[in-house]
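Enquirer: Residue strings, one per chain:
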Amino acid sequence: MEPFRAELRAFLEEHAPHSLRGTALSPFQGHWGGRKAEFESDDQKRWFEVMLERGLTAPTWPNKYGGGGLSMNEFRVFKEELTRLGLPLPLVGFGLVMIGPILLSAGSEAQKDEHLPKIVRGEIRWCQGYSEPNAGSDLASLGTRAVVDGDELVINGQKIWTSHANHADWIFCLVRTRTEGKRQAGITFVLMDMATAGISTRPIELISGASPFCEVFFEDVRAPLSNVIGEMHDGWRVAKALLAHERGMVGESVAAGGARAPILSTFNLRDYAIDKIGLTDGILDDALLRHKIIQSEMDQQLMRATIRRANDRMRVGHQPGPESSIFKIVGTELNMRRWQLAVQIGGLDSLGWEGDAYTDIETAMTRQWLRSRGNSIEGGTSEVQRNIIARHVLGLPK
Amino acid sequence: MSENNLLILTEDQQMLAESAAEFVAAEAPVSRFRARRDGGHSTDPDLWAQLVDLGWNGVALIGLAELAVVMEALGRSLAQTPLVSVAAAAAIGEGEDGKVLAFGFNASCSISKGTITGTIPAVQDAGMADAFAVIATGQMYRVDATHAQITPLARIDCRDAAHVAFDSAPATLIDGSAQTWSRCRDWAIVAQCAEMLGTMSAAFDMTLAYVKEREQFGVKIGSFQVLKHRAVDMFIEIELCRSAVMLASRDPSPEHVSLAKARCNDAIVTICNEAIQLHGGIGMTDEHDIGFYLKRAMVSSQTLGTSAWHRDRYARERGY
Chain X
4 MEPFRAELRA
14 FLEEHAPHSL
24 RGTALSPFQG
34 HWGGRKAEFE
44 SDDQKRWFEV
54 MLERGLTAPT
64 WPNKYGGGGL
74 SMNEFRVFKE
84 ELTRLGLPLP
94 LVGFGLVMIG
104 PILLSAGSEA
114 QKDEHLPKIV
124 RGEIRWCQGY
134 SEPNAGSDLA
144 SLGTRAVVDG
154 DELVINGQKI
164 WTSHANHADW
174 IFCLVRTRTE
184 GKRQAGITFV
194 LMDMATAGIS
204 TRPIELISGA
214 SPFCEVFFED
224 VRAPLSNVIG
234 EMHDGWRVAK
244 ALLAHERGMV
254 GESVAAGGAR
264 APILSTFNLR
274 DYAIDKIGLT
284 DGILDDALLR
294 HKIIQSEMDQ
304 QLMRATIRRA
314 NDRMRVGHQP
324 GPESSIFKIV
334 GTELNMRRWQ
344 LAVQIGGLDS
354 LGWEGDAYTD
364 IETAMTRQWL
374 RSRGNSIEGG
384 TSEVQRNIIA
394 RHVLGLPK
Chain V
122 MSENNLLILT
132 EDQQMLAESA
142 AEFVAAEAPV
152 SRFRARRDGG
162 HSTDPDLWAQ
172 LVDLGWNGVA
182 LIGLAELAVV
192 MEALGRSLAQ
202 TPLVSVAAAA
212 AIGEGEDGKV
222 LAFGFNASCS
232 ISKGTITGTI
242 PAVQDAGMAD
252 AFAVIATGQM
262 YRVDATHAQI
272 TPLARIDCRD
282 AAHVAFDSAP
292 ATLIDGSAQT
302 WSRCRDWAIV
312 AQCAEMLGTM
322 SAAFDMTLAY
332 VKEREQFGVK
342 IGSFQVLKHR
352 AVDMFIEIEL
362 CRSAVMLASR
372 DPSPEHVSLA
382 KARCNDAIVT
392 ICNEAIQLHG
402 GIGMTDEHDI
412 GFYLKRAMVS
422 SQTLGTSAWH
432 RDRYARERGY
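These protein sequences, in sequence, are chains X and V.
Mapping the first sequence onto the working numbering, position 91 (from 1) lands on 94, and the numbers just tick up by one.
Mapping the second sequence onto the working numbering, position 256 (from 1) lands on 377, and the numbers just tick up by one.
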């Protein structure tokens, strides 16, 4: 592995723009690509292009789709080397981490040829249409209806909590193609171009003021049957293969510090508390808050150690162990507690929504707390996660 | 990064874990502890002799990660061994001969003309000790057990502890400063945490098996969501404690050691309380083993530093 590392390191040292070093925040922050995409800076564009040329926008995908063809071990080294320089990924998004892997495992050759290269090149941005107003934790009850008409599906219904649907070019969806029989056995996995007539989106404003999620409406939308992934009525199985992966990713991302506003990139709870509360003889002046900060720092450190355990297992060629099942619950819940604690440390200074009476960093911190409140809900609630662990890890009866 | 720094078991450690588990199942199941308890014995010299035969008195000299594997296995069945003290001695390279050096961590003594005077409360493994290590004016000393007044304690967990007094006892210098002393204590704490991990894991496994088998209202009680979620919370705590023990046994810095002990203290008490609650009526009885685990939990969580003490040290290490 060392020659690979040395070569990659030399490449990064030479080509990674200096302005981007040390700016990595989370696996979901960076250039998202897509028809409407604009680079934030020339350096971001250059970084994307130089990595694309080497197949490193999709490091593990096969070369024939424009990927880097890296083994899992090489990919680990790749991530370590990016982390070493604090570099963001050259391309992020649901194409790379969600629909891409699904296509690779369940897509036809034609589907792979059509979609994967566009993802690699950052030309098409994807969103995921799973949840519905009446199908949240109970996803299998989804009712967006798709009826076959000739060689097309005609789709009517609504999705909700679709991340960044208003910026996306294509959507991968679960739709109901059969209403009788077992609910899971009547669901089909289908791809649609968001520009298709009859699709509209509406952003949802959250309590933090941000709108990362949308509603998506389908009115007599026509999609060719060739856009179905896997067999008709077999979409549940196709989607399920990736759900566990998605939850692990969310937990890991949140544990790494979580997606956060750039202004908070160097925010540290301990330093903030020391600044806000003050020390006497090296001890924080508020004993109760000190206790809570210790708790929070310990939680963080243990979460990181647990992720390290899982990564170290993979490093020596083992499958992830039972420890990886706790990432989503633990990562999100401690992230929420941490931002709440930050607001509590801030006292009256952290109650601002906007305006000159409050510092930018404290307003951002407070909004981050409000945004984090959703962490234990999005991507599978903590309660559903507990049900899954009880059943699949602990073997408790249904 | 060498393989030894990874937070996983090496193949050798895996083999050690398997043989430790086999030994515990064959030679030191909980029934052995119960028999000792019933006989009023807080030590098990025969078991220690067996462990010395196996060479496990020297495991800590190989490494804390290796010792942690053995401690976890023994902790599962509450085995009465002096291995926590042996771990402390290993920090100064002692213990190869199978002799037990117990540490008077709870007080310092005074030294005068080469003799030691002082009283140390609740010394762990005092009954099995061949000698005691104490600290006086920043230096470590050794006192032979024959020169100590030992008052055994009858504690809830039926393990080896005693008040120890020295009255102008002859002492020899151990090459070690206050810093060495604190390192000995940290090694003991790591061993204690690994044992606690075994204890809480076994209490959880018993509980999980019970809720899968116990029926009420015509169904297994493990099918009730409220119990599932409580079981998952116990499982999560154990996984986090395992991370903490792995971290501390591979790099026993004060920060890591305090992180581990604070977490294990809180987790073991919570888990053993939950274990009893989920067992219902049978869990309250002496006839069932689960009560032993709660007793052990409380003693080990109050020994070698409470959660409050370790949180405070952790914060000081980090500058607040």
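Hints were generated in silico from the structure; no laboratory data involved.
Incorrect hints may appear among the rest.
[To be verified] Ranges of calculated distance between the beta carbons of each label pair, as one might list FRET restraints:
{"hint": "1", "chain 1": "V", "residue 1": "Ala299", "chain 2": "X", "residue 2": "Ala9", "range": "39 to 49 Å"}
{"hint": "2", "chain 1": "V", "residue 1": "Gln346", "chain 2": "X", "residue 2": "Asp152", "range": "54 to 64 Å"}
{"hint": "3", "chain 1": "X", "residue 1": "Gly285", "chain 2": "V", "residue 2": "Phe345", "range": "44 to 54 Å"}
{"hint": "4", "chain 1": "V", "residue 1": "Thr131", "chain 2": "X", "residue 2": "Pro323", "range": "37 to 47 Å"}
{"hint": "5", "chain 1": "V", "residue 1": "Arg276", "chain 2": "X", "residue 2": "Pro400", "range": "49 to 59 Å"}
{"hint": "6", "chain 1": "X", "residue 1": "Ser268", "chain 2": "V", "residue 2": "Asp251", "range": "54 to 64 Å"}
{"hint": "7", "chain 1": "X", "residue 1": "Pro323", "chain 2": "V", "residue 2": "Asp288", "range": "55 to 65 Å"}
Since we're looking at a predicted model, the values are computed, not measured.
Where a beta carbon is used, it is the ideal one built from N, C-alpha and C, also for glycine.
Enquirer: Now tell me if each hint is right for this structure.
Expert: Now the hints, each set against the structure:
1. Ala299/V / Ala9/X: 39 to 49 Å: holds, 45 Å
2. Gln346/V / Asp152/X: 54 to 64 Å: Given a distance of about 42 Å, which is not inside 54 to 64 Å, the answer is violated.
3. Gly285/X / Phe345/V: 44 to 54 Å: About 49 Å separates the Cβ atoms of Gly285/X and Phe345/V, which means 44 to 54 Å holds.
4. Thr131/V / Pro323/X: 37 to 47 Å: violated, 18 Å
5. Arg276/V / Pro400/X: 49 to 59 Å: violated, 39 Å
6. Ser268/X / Asp251/V: 54 to 64 Å: Holds, at about 57 Å.
7. Pro323/X / Asp288/V: 55 to 65 Å: holds, 58 Å
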